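A.B. asks: The listed protein sequences correspond, in order, to chains A and B.
The letter at position 674 of the first sequence is residue 674 when you use my numbering, and the numbering goes up by one with no holes.
Counting the second sequence from 1 gives a position; my numbering is that position plus 826.
These aren't lab readings, by the way, just hints derived from the structure by calculation.
Here the structure is a predicted model, which means the values were calculated and not measured.
You may find that some hints are simply not true.
Chain B stretches covered by chain A per the calculated footprint, using a threshold of three residues with CB under 8 Å from any CB of chain A [unchecked claim]:
no., segment
1, 844-855
2, 927-935
Quick list of in silico lysine to aspartate or glutamate cross-link-like pairs, EDC-like style, CA-CA up to 20 Å [said to hold, decoys possible]:
no., chain 1, residue 1, chain 2, residue 2
3, A, Lys649, A, Asp675
4, A, Lys372, B, Glu935
5, A, Lys649, A, Asp672
6, A, Lys5, B, Asp863
7, B, Lys828, B, Asp863
8, A, Lys649, A, Asp667
9, A, Lys81, A, Glu443
10, A, Lys664, A, Asp637
11, A, Lys5, B, Glu935
Partial chain A-side listing against chain B, Cβ under 7 Å, derived [what the hints assert, rightly or not]:
no., residue
12, Leu13
13, Gly31
14, Leu34
15, Leu49
16, Gly271
17, Pro272
18, Leu723
19, Ala727
20, Thr731
21, Gly732
22, Pro779
23, Val780
Where is the CB? At the ideal position from N, CA and C, for every residue including glycine.
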Amino acid sequence: MNALKLLGSAVLLAAAIYIGARPLGPLPALGGFLDPVNGIWAVARSAELPAAAQRVIPALGADVEVVYDDRRVPHIFAPSKDDLYRAMGYVIARDRLFQLEIQARATAGTLTELVGAELLEVDRRSRRLGLAWAADRDWERIQGDPELAGPMRAYAEGVNAFISSMRPEELPFEYHLLGREPMEWRPEYTLYLLKRMGWTLAYNSVERRKNWVASKVGRQAADALIPRNSPIQEPIQPHLGTRELVSVFPPPGEPAPEAGLQLEAMQAFLGPMDIVRDGDGPALGSNNWAVSSSRSTTGGAILAGDPHLLLSLPSIWYEVHLVVPGELDTYGVTFIGTPFVVIGFNRDVAWSFTNTGSDVMDYYRERLDDPKAPTRYLLDGEWRHLGLRVEEYRSPSGETLAVDTIFQTHRGPMNSIGGEYVSLRWTVLEEEGEVRPLAEINEARSVEEWLEAMSAWRAPTQNGLVADRSGRIAIRSAGRYPVRPEATTGDWFFDGSTSASDWQGWLPVGRFPQALDPEQGYLASANQQPIDPDYDDFFIGADWPAPWRALTINGLLRAKETHSPEDLERYQTFPSSARVDYFAPVFLQAVGRLAERGEATAEMVEAAELLDGWSLEYQPEDRLAVLFEAAMDEVADRLWDELSDDEGKRLVTPGEDIAAALLKEPDNVWWDRRDTERIETRDDVLSESLAAALVGLRERLGPEGGEPWRWGANRYANIFHLLQIPALSRTGLSIQGGPGLLNPSSGDGRHGASWRMVVNLGDEVSARGTYPGGQSGNPVSPGYTDRLQSWVAGSLEPLRFPRSTEELESAGHLRARLTLRSGGAR
Amino acid sequence: MKRVLAGTAFVVAGTWVLGWWTVPLVGAAMGLLWPDDRPALSAAVAGALGWGVLLVWGGLIGPVMGVAGTVGGVMGLPGAAVLLITLLFPAILSGAAGALVGVARARGEA
C-alpha cells in the first residue's frame, strides 16, 4: 500500500513539476505563470499608476519630472532634449512595452522568435520586402550623426532602463501568456517603425486593382474603371472648386493575360489581395481641415485632424506632452517607438496629416544570366552583379526554421514569379528622410517653419495641414514623387533591362500640391486627388477614393462664414454625406421614370417611398440607412457583374465616383447584366436594386422599421488586440458612421478614427482630442479602454497643456508623479 | 493547525523571495518534519493557503478578479476556474511532495 502511495505521489509530483517548469502546447509553464507574486497575477498590481514613484535611468544627465494627468497622459519636463527622449522611452515602455516589441518584430520579420513557427510566412513576407534591411542600412548611414541618431539612442536607453529595472508587476500581460522575456530595444527600431508606417500608408493598391480589373475585362476598360483622375474633382489645393470631368467608358474587353503575372508579382511582395486595402475604398480615410483666423469665431486659426487607420488595442498612438524649457513644448500623439510627436501642437502651431496615396512603387521585369542560379542581371547590355541577402528564421528556442536567399537589383528586392524575375522599387525602401522633419516640426514656430521642415520629408507622402498663432493656415502634400520615364505611370511592368525604365528624379517641392493662406480662408483634405489635373497634370498617383468626404467637409466649411472649435469637432462625426445627397435622389428619379412608363413594380414603388422618407442621416437610431446601403450594394453587384466570378464574388469594385459618372450614360453597356436576356439600362438597374434591397432586408431583418433595421445594430467598430485575442479585444461597438461619411466605417469595423483632435490657436492654445482605447497596454487596467466610451460617442476630451507641473497640480488634474533620477549621481 | 500555518508562512515567503518552485520544497520539508501528521493533506492545504494569501494581498493592490476574468477569457474558462487552478496547483505540488517524503521517511523508519 505504501509502495503504491509512494509511486502515486512521485508521479503526481513529477507531473506537477513538469507542467510547472515546461510549456505544454500553447500553455505557458504553469509554475511561473500562476505564481501570485511574479506571474500573471502580478499585472493586477500595475493596473493603476502609483501616486508617486522614483526610478533611476543610468544614462540621464539630470533628474526628469514626469507628471501624469487625469487622462493618464505623461507630461515630461526635462532639462535637455537627450534626457527628454530617455524619459519618453521609459514612460512608453512602462505603458506599452509589448507593443514596442511586437511592432518592431513585425517589421523585422522575427515574429517567429517571439510567437513561434506559425508566423513564418508573415516573417518571410516582411523580410522579402526588406523594410528592416532598408532601416538597418539607414542606421549605418546616420548613426554617426548626433542630431539624427541622438534622439533614437536616448529613447532606446530609456526603454532599456525600464526593461532592466522592471519589477515583476511591470512585465506586460502578453509576455506572461507567451512565457517570454522582453528583448533589448535598439535605436534603429525607430527606423523600423517609420518604415512600417511607410508600409501601411505608401502601399499602392491602385495598381493591384487595375491589374485585377484588366485580368477580367482588359486594359482599356481597366484604365476607365480605375482612372488616373477622379471623375469628381474637389482637390486639396483649391483651384476651380467642385467640378466633374468628362469620362469615357469603353465596353468590357478580353482579359489581359499579362495582368495575371503582374498580380502574382504584387502578391509575392505584398501578400494576398485584401478586400479592405484592395477592394472598394469608401470605408477608409483620414481627414484634416483648418480655418484661418478670418473664418474662425475665436479670432485664431482652428485645426482639426482625424487620421483613420487599422484600430488596435492598445492603440497605435500614445498621447504625450514633451517639455524642455525654452526649447520644446509640444503635445500630441506619437507612434509607439518614435521619439517625437507625430500629430499635435505646440504653443505656436498645430498640425495633422492625411495620407496622400501617391504611387511610389514600381515593378521591373528583369533578365538574369541563369534563372535557376542567378548571379547577374542585364542592364543596358551589361551584366551587373545581383545583391544578395540571406535571411534566417528562428524559433523561440533558437532553432533554425528556414533560410531564404533574397536577390537585389539596384532598384530593390527581387522575386521569382512563374519563372520570371521581378524587382521592386519603392520610396519606402530608399534613404530615410523622416527623422529630421519629425524633430523639426515639433519645434516649428510658424506655418513657414513647419513647411520648411517638411520639405525634406520622403515617405510616405502625406497631406500635412498646419495652422499657426498668427491665424495662418497651409497644406502641402509632402514626400518624394518619382519622375517616371515619359508618358508612363508604372501601372504595368517596366522593362528592367534598360536604365531608360528607371525613375529619372524627384518632383521639386514647388510642384507639390499645396496652398498657403488661400482666399477662401479654409483648407481640407480627405485623401482625395490633391491637385486638379487642369492645374498640373504630373502623374503622382491614382489611388483616390471617391471624394465624398472632401465634398462633405468643403460643403460644411463653405456653408458658414465663421466656425467655432465646437463646429469643427461636430463635423468629425457629421451624420450625412455628399454621397447620399448624390445617390438617394437618383434612385427616386429612376423609379419615377419607370412608374411613368408603367414598368415599376410594387416593390420598387414601396422602396422608393421608404427611401423618400429617409432623413439622409446615419444616426445609430435611424432605420432607413440600411435600405440605402443595401441598394448601393445591389447596384454594385449589377453594374460590375462583369468583374464578378461565377459565384458572384468580386474582389475589386470600381469607386462610386465611377458609378456616378456612368449615371450620365443611361444606356451604357456596363449597365446591362450578363445573366439576363434583356438589355438593362441605368433606370432598370437602379430600380431593381432598390426593390431587391427592400425584399432582401425584409427576409434578413424582418419588417421594416424594426430593431434589426436600426443603423446602430448593423454597423460596429471592432477593435482587436495586437495578438487578435478576443478576450483582450473590444468588438461590436455601436458607432455613428458609415460609408462615405467623414467618420467612415468599414464593413469589418476594423478601421476608424485612430485619433481625433481639434486645436484652437487663440490667445491661449486649447485643444480637445481622444483615441479609441487608452494609454495603458495592461488589459486589466481601467486605462486600457477608458477612452472608448467618448470615442464611440464621437465626443472629445479636453487635453491638458500645462506650462509646469505645478499648473497641472493646482488645476486638480494631477493623477501621478514619476521622478526619473540620474543613475550616476545617486 | 500550527504546522499548517507554519507551512503556509514558508510557502508565502518562499514564493515571494525565490519563486514557485519553493512550494514543493516546503511540502517536502513538512513531510520530512511531520510524517505522522497526514503530511499530504497538511502540505496541500499549506500550499493552497500560501498562494491564497498572496492572491488576497495582490487583490488589496489591484484588480485580481479582473486578471482572473481576463485570463479566463483568453483560455476559454470562467474566471473562477483560473482562481481555482491557481490554488490547486500549489496544493498538488506541495501535497504530492509532502506525501512522497512522508511515506519515504515512514518506510525508512520501518
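A.B. asks: Against each hint, give a clear statement of whether it holds in the structure.
C.D. replies: Tested hints:
With a cut-off of 8 Å between beta carbons, the segment 844-855 of chain B has 4 residues touching chain A; three or more are needed, and the interface restraint holds. Residues of the segment 927-935 of chain B lying with their CB closer than 8 Å to a CB of chain A number 4, which satisfies the three-residue condition for coverage. A C-alpha spacing of about 14 Å is found between Lys649(A) and Asp675(A), which places the hinted pair at or below 20 Å, so the restraint holds. A C-alpha spacing of about 76 Å is found between Lys372(A) and Glu935(B), which places the hinted pair above 20 Å, so the restraint is violated.
Between Lys649(A) and Asp672(A) the CA atoms are separated by roughly 18 Å; this keeps the pair inside 20 Å, and the hint holds. This hinted pair checks out: Lys5(A) and Asp863(B) have alpha carbons roughly 16 Å apart, not beyond 20 Å. Using a Cα cut-off of 20 Å, the hinted pair Lys828(B) and Asp863(B) holds, with the two alpha carbons roughly 12 Å apart. For a cut-off of 20 Å, the pair hint linking Lys649(A) to Asp667(A) is broken: about 25 Å separates their Cα positions.
For the proposed pair Lys81(A) and Glu443(A), the alpha carbon gap of about 12 Å is at most 20 Å, so the pair holds. Pair hint Lys664(A) plus Asp637(A) holds up; C-alpha atoms about 19 Å apart against a cutoff of 20 Å. Taking the CA atoms of Lys5(A) and Glu935(B), the gap is about 16 Å. The hint holds against a cut of 20 Å. Hint on Leu13(A) holds. Least Cβ distance to chain B is approximately 4 Å, under the 7 Å limit.
Because the smallest distance between the Cβ of Gly31(A) and any Cβ of chain B comes to about 4 Å, under 7 Å, the interface hint for this residue holds. A least Cβ separation of about 5 Å between Leu34(A) and chain B falls short of the 7 Å threshold, and the interface hint therefore holds. Taken as an interface hint, Leu49(A) does not check out: its beta carbon lies about 11 Å from the nearest beta carbon of chain B, beyond 7 Å. Contact between Gly271(A) and chain B, as hinted, is not supported at the beta carbon level, the nearest pair being about 27 Å apart and thus beyond 7 Å.
Hint status for Pro272(A) relative to chain B: violated, with the closest Cβ pair at about 28 Å, above 7 Å. For the restraint placing Leu723(A) at the interface with chain B, the shortest Cβ-Cβ distance is roughly 9 Å, beyond the 7 Å limit, so the hint is violated. Given the 7 Å rule on beta carbons, the hint for Ala727(A) holds: about 3 Å separates it from the nearest Cβ of chain B. The interface hint given for Thr731(A) is violated, since its Cβ lies 12 Å from the closest Cβ of chain B, which is over the 7 Å cut-off.
Among the interface hints, the one on Gly732(A) is violated; its C-beta lies about 15 Å from the nearest C-beta in chain B, farther than the 7 Å criterion. Contact between Pro779(A) and chain B, as hinted, is supported at the beta carbon level, the nearest pair being about 5 Å apart and thus within 7 Å. Below 7 Å, beta-carbon pairs count as interface contacts, and Val780(A) has one with chain B at about 4 Å; its hint therefore holds.
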